[in-house]
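2 protein chains.
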Amino acid sequence: MNAPTGRLPTALGTEFEKYFGQRFSTAAAVCLHHGKDESCYAPVPPDAVVFAQSTEEVAMVVRLCHAHKVPVIAYGTGTSLEGHLHALRGGICVDLSGMNRVVAVRAEDLDATVQAGVTRKALNGALRDTGLFFPIDPGADASLGGMAATRASGTNAVRYGTMRENVLGMTAVLADGRIVKTGSRARKSSAGYDLTRLLIGSEGTLGIITELTVRLYPLPEAISSAVCAFPTVGAAVDTVIQTIQLGVPVARIELLDALALTAINRHSKLALREAPTLFFEFHGSPAGVEEQAKTVQDIAAANHGMDFEWTARPEDRTRLWQARHDAYYACLGLKPGARSLTTDVCVPISRLADCIAETYADLEASRLTAPLVGHVGDGNFHLLLLADPDDRDENERARDFSNRLVERAIRMEGTCTGEHGVGIGKRKYLAIEHGDAALDVMRAIKRALDPDDLLNPGKILPD
Amino acid sequence: MNAPTGRLPTALGTEFEKYFGQRFSTAAAVCLHHGKDESCYAPVPPDAVVFAQSTEEVAMVVRLCHAHKVPVIAYGTGTSLEGHLHALRGGICVDLSGMNRVVAVRAEDLDATVQAGVTRKALNGALRDTGLFFPIDPGADASLGGMAATRASGTNAVRYGTMRENVLGMTAVLADGRIVKTGSRARKSSAGYDLTRLLIGSEGTLGIITELTVRLYPLPEAISSAVCAFPTVGAAVDTVIQTIQLGVPVARIELLDALALTAINRHSKLALREAPTLFFEFHGSPAGVEEQAKTVQDIAAANHGMDFEWTARPEDRTRLWQARHDAYYACLGLKPGARSLTTDVCVPISRLADCIAETYADLEASRLTAPLVGHVGDGNFHLLLLADPDDRDENERARDFSNRLVERAIRMEGTCTGEHGVGIGKRKYLAIEHGDAALDVMRAIKRALDPDDLLNPGKILPD
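Chains as they are written, first to last, in this note's numbering: chain X, 40 to 502; chain P, 40 to 502.
Next up, chain X with everything else stripped away, as it sits in the complex (with noise of 0.2 angstroms):
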């Protein structure tokens, strides 16, 4: 890792100064608050951070900076969990909150496009009264920008899809300054590459992303929320994988170990029983609802499912899937003072139960305390693994643990992430997880499209 140069040439930082004015800083606060994200990395301030308003600008920057080889690093709302927006090399900060204007919503068209900033909630939030909403929804309240770079997705993917299937085309900075359109608003096209899926999930290495069009979908109708206790994993799992294989078109299963339960039982002030537990939100007609509710109730009676109770009340679906959403608050609590080193494998769903099993025994070797939350339909499954931030033996044995975790979920054909990006943390399992000709078909691509390693370096590929 190289430290960071900490000099910006001075041509560089007056030509910002003179068209950015107040929206450009190398104040070290500001520099420092842009220098990392919510994972455990130590931050690495940029040099200056620069706060954008418009494609245009970020194209300025990045011509700007291509012409003096000078790193740039986009920044959304600072929610990453890899270490994606620390400046190793130094360099400039494009900050991109302030393009948080919602360009257009089209609803007949069910899609909306957005500057990069505008966050989740924030599209959420303009789509009310069009009977429409955009269903990704990863823990934090990220931008869409962020989302699209880290390929997120969160609760509601099994039936609704990732950030790869729900972007219709971009507009991007690419590391020269030019400024390129991706995809149409076409719902499918297989007009050439798919420049779209390529920076989806490229952490700002490859371009940045300043604009995107996403899909929409009509607001369920009739939404209803089940919960379901278990007395294992596996009995959980098997309930999943057979209300799947039936074809119940669940909007969001979720589950949660005992541990968790005890965690959001204490934050939340619930008495749920303190066992294995499955969340489950159904999406459709009323009618519908109540059929798939049923339908799921069966299948968990047959796994020993216990407290099965449904709702279709709002009140106690809010108040059941806010305790959900707090659940890594709420697991914090378990150990006051600790952070969380949170894994994020991702599984066949087949596996799913043997994972868990074999990740609990090492769990009980290593004397980690870590609960478990997992969006169970896609076969991912964080664990907060807590750890004294003082006691170095302990963040030792969480880091073991979390290097054995990744390489359990890779021979059981899974990956070392589902859903939060590889950043600094998982550049080393990139090999494993794809093997040397697809490492450096990746090398190629980054040269092709970055040859001076400008754009976000040292992220996604390892050295």
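Keep in mind the hints are simulated off the structure, nothing from the lab.
Please note that the accuracy of each hint is not assured.
It does not matter which identical chain is meant; a pair holds if it fits inside one copy or across any two.
[Claimed, not checked] Quick list of in silico lysine to any residue cross-link-like pairs, SDA-like style, CA-CA up to 25 angstroms:
| hint | residue 1 | residue 2 |
| --- | --- | --- |
| 1 | Lys-220 | Ile-471 |
| 2 | Lys-220 | Arg-486 |
| 3 | Lys-220 | Glu-452 |
| 4 | Lys-220 | Gly-474 |
Computed from a predicted structure; not experimentally measured.
Dock chain P against chain X, hints included.
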């Protein structure tokens, strides 16, 4: 367009002969058969054909061709529609139809791994008794490798997506003969650049797909169909827009115009009203499909739909959809001796009625016969421009009309090809659809992965 060289390096021919024996051929008839598809383009045969039976054999062929700087074109079923298989610079055609093994079906994970030569019908045949199916259904019984390479879709895309959404990972052979694996069996991943989506739709120009893992879906408990005629195309399109906005999870919505109805009435001995008509299919529980049909019937009635008829009886459904599937041949029957130049634009659905109205006016002015069939839920429609192969003037009018149609679709924020791909025929549109910067990115990727331009040269990218 370069002429084929007609000369295979002797050393290469000898090596292939030694290894492949009868599975290597330079026979004129064999080469001719492999130098064409179902498009109007005159055949351009390769210099030789190799019938491969494994990824390793494909890798060997490509490695040798790379050493001798000889082009390689992959062949599945020969059913593409844009001149994808034409050996514009000669070289070797690798026929993958013998790679027809279903490697694994994993019912619990709803996925299957197949060799690239397995056709969609063969896969669905192998799924019999599993309760699962693979939904992507282009007109032809194409190979899954070819379908991935052209980013194919079909009538179910409105509900199940296209090949873009339904491939989890693949094995492919790179330009230098190395074998690459992309993706994993995880449902989602944020681990690096999306090489799977980069290869999907790359038409054999970046790598040769030899094996792929695809998503499967549970066969719906109940299926019902409906058919409804409308006074105008606009009324039919409004019905579709309102259906989708209400969140009715239709599996298929197909539009056929009055002329297409005339054709299928004649061909399939039906007596449907010869007016713009929607064909629907609903998947779900018995109560669910009944509810969907009822909702759609109400919407259709509000849009002056006529003769709404719905059926859950398998034999009636089959007859209806068989007629829809046979529409291509039925339409050819409208003008005996004619060939079809088939268009493939896709526009945002809000522009569909306008796009079709302008297109009809143009059709009339161009004195052309062209029935319309469309995957209207996606905004994708085909006109079958029927032209006498010997009538030069008619063919010219058809080509000019097709150019104007593509320009119209792109002006309406759509695409020149919804599902057929670029091949030779649509290369000239890529610059106006994507712009120069995007085209430069595509060219940079091609150069990075295939610097000698050996993989299916002359396709996708304009000269």
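Evaluated hints:
1. Taking the shortest Cα distances, Lys-220 and Ile-471 sit within 25 angstroms of each other only across copies (12 angstroms), while inside one copy they are farther apart (33 angstroms).
2. In this assembly of identical chains, the alpha carbons of Lys-220 and Arg-486 lie at most 25 angstroms apart whether taken from the same copy (20 angstroms) or from different copies (20 angstroms).
3. Taking the shortest alpha-carbon separations for Lys-220 and Glu-452, only the inter-copy value of 12 angstroms comes in at or below 25 angstroms, while the best intra-copy value is 34 angstroms.
4. In this homomeric assembly, Lys-220 and Gly-474 come within 25 angstroms of each other (Cα to Cα) only across copies, at 7 angstroms, whereas the closest approach inside a single copy is 31 angstroms.
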